[in-house]
Each structure stands twice: as structure tokens, then as C-alpha cells.
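S.K.: Listed here are the chains, written in short residue letters.
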Amino acid sequence: MAKIMRKITDGILFAATWFFAAITLLVLLFIIAHIVINGVPYLEPRLFEFTFTSENVSMMPAIISTVFMVFLTLIIAVPLGIFTSIYLVEYVKKGNKFVMLIRSAAEMLAGIPSVVYGLFGMLMFGQFFGLGWSLAAGVLTLSIMILPVVIRTTEEALKSVGDGYREGGYALGSGKLRVVFRLVLPSAVPGIMAGVILAMGRIVGESAALIFTAGTVPQIPQTLGASARTLSVHMWALSGEGHHVGEAYATAVILLLIVLVINTAAAVIAKIFTAKGSGA
Amino acid sequence: MSISIKNCDLFYGDFHALKGIGRDEGMEISENKVTAFIGPSGCGKSTFIRVFNRMNDLIQNCKITGEITIDGQNIYEKSTDITQLRKNVGMVFQKPNPFPMSIYDNIAFAPRTYGIKKRAQLDEIVERSLRQAALWDEVSDRLKKSALGLSGGQQQRLCIARTLAAEPKIILMDEPTSALDPISTGTIEDLIRELKKTYTIVIVTHNMQQATRISDKTAFFLMGEVIEYDKTRQIFSNPKDKRTENYVTGRFG
Amino acid sequence: MPARADYRKKLQNILDNLVIMCRHAEDICEQSVAAFVARDLELAQNVKKIEKTIDKLERKIEKASLRLLVMEHPVASDFHEISVALKIVIDLERIGDQAKDIAKITAQLTDAPVPESIKQMGVIVIHMLKDAVRSYVNRDLELARLLDKTDDKVDAIFDIIMNELAAAIQKNPENSKNALQLIMVAKYLERIGDHAVNIGERVEKLIQGKI
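Chains as they are written, first to last, in the working numbering: chain A, 1 to 280; chain B, 281 to 533; chain C, 534 to 744.
Hints were generated in silico from the structure; no laboratory data involved. Keep in mind that a hint or two might mislead.
Derived BS3-like pairs (lysine-lysine); straight-line CA-CA distance at most 25 Å [unchecked claim]:
#1 B:K522 / C:K743
#2 C:K743 / B:K313
#3 B:K367 / B:K477
Simulated restraints, written as ranges between beta carbons of each label pair [unchecked claim]:
#4 B:D403 / C:K596: 52 to 62 Å
#5 A:K3 / B:F291: 53 to 63 Å
#6 B:E308 / C:Q741: 24 to 34 Å
#7 A:V268 / B:G429: 16 to 26 Å
#8 B:K424 / A:W18: 47 to 57 Å
#9 A:V261 / B:D403: 36 to 46 Å
#10 B:N354 / C:K738: 39 to 49 Å
#11 A:A267 / B:N354: 19 to 29 Å
#12 C:L599 / B:K424: 47 to 57 Å
#13 B:D521 / A:K3: 55 to 65 Å
#14 C:K596 / B:K424: 15 to 25 Å
#15 C:L674 / B:G300: 32 to 42 Å
#16 B:N487 / A:I269: 34 to 44 Å
Which chain A residues face chain B? A few, computed with CB under 8 Å, are given here [stated by the list, open to error]:
#17 K93
#18 K97
#19 G164
#20 L172
#21 F181
#22 L183
#23 S187
Quick reminder that beta carbons are idealized off the backbone N, C-alpha and C, glycines included.
Just need the whole structure built from these sequences, with the hints factored in.
M.R.: Shown next, in the form of C-alpha cells:
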């Protein structure tokens, strides 16, 4: 009896698991299909011209702005995040009040809606520092926004490095600096990379925070002070105007592709580092 | 170099982990001998071995009192240069921990820390250390390959070679073979016997046969105290303390 | 909670068997001397049986001890127990052999009376063996050390017996065969005494824990 009961329970659980997994997959496929079907017909060469006009809503300036945005934001946020994490993990004593404060602040920042960042960025960088709507204001705002993500993942990556390396390094008479930068950090690279990728995803996908800070000018920015729109903002602008919904879908297709490329690159990089640095 | 210990106490916060080691006539760890620390888990032997190279400094709320003298100097004095101390007192750990870099870079790690940069000099140190650790013949053709590709036993000998490259006088080993198979264990034991001609070796082991095979003197630890410290032959043939007897015969409970 | 229960049981088993073997050795000596003094052929037959039991026990203890050494690596006092057991069984087995030889001679002896000196020697040797066994069972260092002195007495009596029998042969050469057999018995008894001394020495080492 018990055996039959167990078989039935097993069967039900298996079916349920399968069912919910299938739903998730279907939703995902539906979204992708929807975007591709609506977007691909509008993908024309002229959408990749270097200037945006009201007749040709080219997304090329937005692609270039996105690249700038990602690159500049990472240049600011990643070193800041990594060094903060190193300080938190390697230098501060456990149970330190100040660290707990930093940590809970970082966690809170991670939960704040991006539009709030946008508002803050606009007031702080746009008005107080007089940057107006500009690439610089956008970059600074996004840097603050992704900092918690970078800190969190880097902390985890550093903590997961076996104490064997640290002990081994110290036992050979190395100082903290050498142990951290020569032994711990290289081993934590795959984890840190994962965090960076996650951050990149957030930058690429961000619109609300950027509308307030970087503005929506659809041209290639010539200086850091110039306003610029990323792909996500471009999409938001096109669909909002209502005249270019098809082009908005086309933009979404390109956005999807970019995310796909980033994720694949992340996986490959992580794999290379893991192969090199696995072990103790 | 010998180590002498006088009335050493160690606390982790409120926990009294080592209680008055070498309290009466002091404890002496002799030069060019293998000294084994045995005892049940949590008895303080691993904590004690870490006193000699001040690895306990890394642990928060760890307080040490008493006198630990190496080469005529109390290593817990303010003026102690920890880098120099750890150069003199090398350590090999339970789990082989080669760094995620090439075999060559692993061995050259310590010399580079001490400022040796010249290629020829490093080459010489790497070869000498690997030969001393009986690993040269197995790895001489792949020095530039990752150290993580070696077998467990090879990795542990690499860690020994890495320690030797710092040119220490004393080598501490914390259960160096507990993660290895019997053949690798045998190789390492042979190596220890060879190394004791040049170095003072202190080894923590849970394997009592290992203690009898390679050590000259044995200290039996129980609840943070050294119950008995004597020639290994004496400890395993005619221990003076009933608790030692109970432990070595497995009657312990 | 004592650890290594199975090992402890095996070790205890060996030591128990050794004590049993000691008792058999005492028995066989008493019976063979009694058979010899009384010309009791039936008792002499029984001696042979006991000798076989002793041989069997020797092999059993030896096997179990060697196995324990290989498989369990006893150290400290346990090691001494086993190593002493391995040696004592050899002494006990030899004692069994000598007793059997005395019983064999009993069957070939004439009716001539047994000299008092040999009877006396038998009593002393049996006493020595009992002391040796007692010193082992009770871990009695004093008793073990005493055995050596008693053995000097046995050696002295042996000299007396030799002189007596030599005189007897001179007086009556026809008796020479009987006299030679008696000297053999005396020699066997003297050997048993030596083994008792050996056992005492082993006990001494066991108590002191020396290698």
C-alpha cells in the first residue's frame, strides 16, 4: 500500500513540477516570439544610420550611447565596489558597527526603485552640480545604482575563496596586501565577473533613472556634458510617441541580442577563469 | 633552531584553549628532531602549533600569555618582525593549498615576498626546493603548468617545497597527510625523515602510527593541557600518565 | 563510553586463554609428578591428554595474538600484554613437554623406590610454577623476583641428586639404567623450574613496561 501511495505522490509531484516549468518556459517564449515577430519586419538598414531624424528614427546613436553608458558606469562603479568589498571582507573586524551600517545601507539601496535614483540623480548631479541632462549625470546616477550589486557579489566572491590561500600566504610571511591582491582577488574573479555582468544588465535595461538624468536626446553625444539616450530610453521614447511602435519593437530585438551577447560573454569569461583558478 | 615554551596560556575570548603549557620546568622542542602533537579533536594541539608562527594573530579575540622563545627571542614581544618570524618558521597545512598559479610561481612566491627578483636566483631556488621535497623529477618538465593539476600527494609536496623555498629553520605541519592516500602519506613520511636532518619539525597528527613512525618526541594534549611530553618510544611503550595510556591504547572515552 | 569494544574483547579473550593455559600447566606438573612417585600408569596416560590440550591452547593464543598485532596495532600496556603472552605460551608449552616426558619415563621405571631428594625437588618445582602463575595473574613483582632465588635451591638439589645417583651406580652397576632414567626426571624437573623463572622475568617486564 505504502509503496503505491508513494508512487502516486511521486507522480503528482513530478507532473506539478513539469507543469509549472512549462508555464514559465511558455511565458518566456511568448515574450521573445512577440518581440521578434513585431520587431524583425522593421529591422531595416536605415535604422543603423549614424544620425537620427524625425523621418528615420535610427537607433545607432542609442546603441553608441548605451556602449558609452555601460563602459563609463563600470569604470566608476566596479573599482569602487571592489575596493569597498575588499575593505569590508578583508580588513574590517567581524561585528564592526560601521560595517554593519554600510552593509545594511547597501542592501537598502539595492531595493530602491530606479525612478528614485533618477530623481536623486537629477537633483544632485543635474541641478546641484549643474550637470543638467547629460551623459555624466546618467553615468554617476547609474554608478550609485549598481554599486550595491557589485559590492554584494564581490563580497560573496571574496568570502567564498578558501581560507587555504590566505593561511598559505600569511604562513609564508606575506603581508595582507600581497595576500589579498595576489591570492584572494584572482581567485574571486569569476564571482566578481558574474556581479559585473549583472550590473551591466541593469545598466542596459535601465530607463527611468536615465530619463531624469541623461535626458532623451537621440544623437551621438559629443561630450560628457551632452544629453544622450540609451536603447531602453529610445524604446520608451518611440513607443510613447505612438508613431514608431514597430521601430520600438525592432529596438527591443537588438536589446535582446545585446543582452544575449553579454550573458554568453560572461559565461565564457567565467569558464576561462574557473578553469585557471579552481581548486582549494 | 629550538623552541622553548614557558607557561603559555591562550584564550579565544572567554574560552581557555591552552592551559599553562610548559608551566613548571618549561617545554623544549629540540633542534633537528621531529616532535609530534597528538590528542583528541579540540584538545588544543592545532592551536598550539599555530602559536609558533603567530598564525593565531589572524583570529579575533585571541590572547596569548607566557613566553615562546625561538632562537633566543620571545616571539610575542612588540619588536618581533612577523614576516621574518614566518620566514624562519614555515607551515604546511592539512589540506594541500597550492596557489592558483604555476608550479614555478608557487615556489617562487616566498622568495619574491622577500624581494628576490633575479630570474637566475629564483630558478635556482625553485629547483633546489623541489629537489628537497622529492618532487623535481615529477614536475621539472611542467614548471609553467598550473599547480592545481597535480595529484593530492604531489600538491602537498609542492606546499612543502614552497615552504622550503623561504629557507626556514623550523617547519610546522598540521596534519599534513590526513587528506592523502597511504602511498602519498608514505612518501611524505620519508620526506619528513629526510628533512629533519636540516630542519626542526613539529607535526600535529591524528594518526598515532604516523607519530610512532616518524617522530622522536611526542606530546599528548588533552583539554588544552600537555599531559605528557616524552620520547615517542616512551609514550607508546610505557606512558607515565594513565590518561596517555588510555588514549594511545584507544581506551579513551 | 570505552572505545574499540571489539578489540578489547579480543585482547581479553587472549589473556583469559593464557590463564587457562597456566592452570593446565600447573595440573600437568602435579599429575606427572604424582604419577611418577606413585607409578600410576593411568594418571600418566592423563598427562598425555593434558599435554595435547596445552599444545592446542598455545597455537590458539599465538594465532590470536599475531592477528591482533597485525590488525589492531596494540601499543603501550596492551602491547606488553600481547608480547608477554606470546613468550609465556612458549614456556608453558615446554613445561607441558617436560611433564609428558616425566610421565613417559614413569612407564619404564622398575619398582626401586624414588629417592626422597627427587620427591622434594618435585614439590619445590610445582610450588615455583604456581608462584610464577600467581605473579602473572596478580601482577606481583615481589613474587616474580623471588623465583630466581628458589631456582638456586633447585639447582643445589639437582647437584645432590646427581651425586647420589652416581654413588648408586658405582655401588650397583646393574641399577645404572634405572639411575639414568631418574637423572633424566630430575633434569626435566630442573628445566620446569627454569621455565617458571622465565615466566617470572616476563612478568617483571610486563609490570615495568620495558621493551
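S.K.: Determine for every hint whether it applies to the structure shown.
M.R.: Cross-check of the supplied hints:
1. In summary, the hint linking B:K522 to C:K743 is supported, as the alpha carbons are separated by about 16 Å, within the 25 Å threshold.
2. For a cut-off of 25 Å, the pair hint linking C:K743 to B:K313 stands: about 23 Å separates their Cα positions.
3. A distance of roughly 19 Å separates the Cα atoms of B:K367 and B:K477; the hinted pair therefore holds under the 25 Å criterion.
4. Remark: the range hint 52 to 62 Å for B:D403 to C:K596 is upheld by a beta-carbon distance near 59 Å.
5. Distance hint for A:K3 and B:F291: a CB-CB separation of about 57 Å, consistent with the stated range 53 to 63 Å.
6. A hinted range of 24 to 34 Å for the beta carbons of B:E308 and C:Q741 is consistent with their spacing of about 27 Å.
7. At roughly 21 Å, the beta carbons of A:V268 and B:G429 sit within the given window of 16 to 26 Å.
8. Between B:K424 and A:W18 the beta carbons are some 50 Å apart, a value that agrees with the proposed interval 47 to 57 Å.
9. A hinted range of 36 to 46 Å holds for the C-beta pair A:V261 and B:D403, which are about 44 Å apart.
10. Restraint check, B:N354 to C:K738: a C-beta distance of roughly 45 Å satisfies the suggested window 39 to 49 Å.
11. For the hinted restraint 19 to 29 Å between A:A267 and B:N354, the CB-CB distance of approximately 54 Å leaves it violated.
12. For C:L599 and B:K424, the hinted distance range of 47 to 57 Å is satisfied, since their beta carbons lie about 52 Å from each other.
13. With their beta carbons about 58 Å apart, B:D521 and A:K3 fall inside the hinted range of 55 to 65 Å.
14. At roughly 57 Å, the beta-carbon separation of C:K596 and B:K424 lies outside the given 15 to 25 Å, and the hint is violated.
15. The hinted range of 32 to 42 Å is satisfied by C:L674 and B:G300, whose Cβ atoms lie roughly 35 Å apart.
16. Separation of B:N487 from A:I269 is about 43 Å and conforms to the stated range, judged on CB atoms against 34 to 44 Å.
17. The beta carbon of A:K93 comes within 6 Å of a beta carbon in chain B, closer than 8 Å, and the hint placing it at the interface holds.
18. Taken as an interface hint, A:K97 does not check out: its beta carbon lies about 15 Å from the nearest beta carbon of chain B, beyond 8 Å.
19. Given hint, A:G164 at the interface with chain B, holds; its Cβ is 3 Å from that chain's nearest Cβ, closer than 8 Å.
20. Because the closest C-beta pair between A:L172 and chain B is about 4 Å apart, less than 8 Å, the hint holds.
21. Interface hint status for A:F181: violated, as the beta-carbon distance to the closest one in chain B is roughly 13 Å, over 8 Å.
22. Checking A:L183 against chain B by beta carbon gives a least distance of about 6 Å; that is within 8 Å, so the hint holds.
23. Because the smallest distance between the Cβ of A:S187 and any Cβ of chain B comes to about 6 Å, under 8 Å, the interface hint for this residue holds.
Hint compliance for this structure: hints 11, 14, 18, 21 are broken, all remaining hints hold.
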